[in-house]
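Peer 1: Using the working numbering, the letters of the sequence shown correspond one by one to residues 3 to 182.
Read the hints as simulated data drawn from the structure, not as lab findings.
Fair warning: this is a prediction, and the values are worked out from it, not measured in the lab.
A hint or two may mislead.
Label-pair restraints from in silico Cβ distances [said to hold, decoys possible]:
{"hint": "1", "residue 1": "R4", "residue 2": "A70", "range": "19 to 25 Å"}
{"hint": "2", "residue 1": "G43", "residue 2": "D83", "range": "32 to 38 Å"}
{"hint": "3", "residue 1": "A164", "residue 2": "T99", "range": "18 to 24 Å"}
{"hint": "4", "residue 1": "G172", "residue 2": "K14", "range": "17 to 23 Å"}
{"hint": "5", "residue 1": "T162", "residue 2": "K112", "range": "32 to 38 Å"}
{"hint": "6", "residue 1": "A27", "residue 2": "P144", "range": "27 to 33 Å"}
Listed below are the simulated PhoX-like cross-link pairs for lysine-lysine, each with C-alpha atoms no more than 20 Å apart in a straight line [to be verified]:
{"hint": "7", "residue 1": "K175", "residue 2": "K161"}
{"hint": "8", "residue 1": "K19", "residue 2": "K87"}
{"hint": "9", "residue 1": "K87", "residue 2": "K14"}
Ideal Cβ positions, reconstructed from N, Cα and C, are used throughout, including at glycine.
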Amino acid sequence: MRIIAGDWRGRKLMAPKGETTRPTADRTRETLFSMLASRLGSFEDLSVADLFAGSGAMGLEALSRGAAHCLFVEQDPDALDALRKNVAGLDANRRATVSGGSVMSLGPAKAPHDLILLDPPYGTGAGSVALDRLVRLGWIGPASWVALETSRTEDADIKTLAVESERKVGKAKLTLLRLA
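Can you make the complete structure from the sequences, with help from the hints?
Peer 2: Pasting the structure below:
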């Protein structure tokens, strides 16, 4: 795994040990960031949340492209260890907050994020459940973009969010959402 573009382009990332975390393939991440760039224009100064963060590849890609700050949330101990090492290895500590715990334990947001990245375990419906909760707790506002990665057979079904775009890449489906 490598950072695809931006200040840290080409830098290697550590993957978590074990089989519990499924890192997003470089090709899938490249497709997602192309979809986002065509809508956002730039990642400069964005507030990003990388939820179900795993190694942190998605949020670190956003930081590499100019995002101001990224909150990473991950509960798996091996993934959390890899995430912390990746943040430290890129000297991103000033622009990153790493939170060990469940996405479902997040409280109300101080302000909506510009970009929310979610890569929950495939086939669990955890992304839809988390997004419903995040909308209610103010994490997602009218200007927020949400990027959800699921298996290619899963559908995002969140009543308060509208699907802006979907694309299938390998085993994954990438869905961009906004408030309805």
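Peer 1: A separate judgement is required for each hint: does it hold in the structure or not?
Peer 2: Status of the hints after comparison with the structure:
{"no.": "1", "hint": "R4 <-> A70: 19 to 25 Å", "verdict": "holds (23 Å)"}
{"no.": "2", "hint": "G43 <-> D83: 32 to 38 Å", "verdict": "holds (35 Å)"}
{"no.": "3", "hint": "A164 <-> T99: 18 to 24 Å", "verdict": "violated (29 Å)"}
{"no.": "4", "hint": "G172 <-> K14: 17 to 23 Å", "verdict": "holds (21 Å)"}
{"no.": "5", "hint": "T162 <-> K112: 32 to 38 Å", "verdict": "violated (20 Å)"}
{"no.": "6", "hint": "A27 <-> P144: 27 to 33 Å", "verdict": "holds (32 Å)"}
{"no.": "7", "hint": "K175 <-> K161", "verdict": "holds (19 Å)"}
{"no.": "8", "hint": "K19 <-> K87", "verdict": "holds (13 Å)"}
{"no.": "9", "hint": "K87 <-> K14", "verdict": "holds (11 Å)"}
Checked against the numbered hints above, the structure breaks hints 3, 5 and satisfies the rest.
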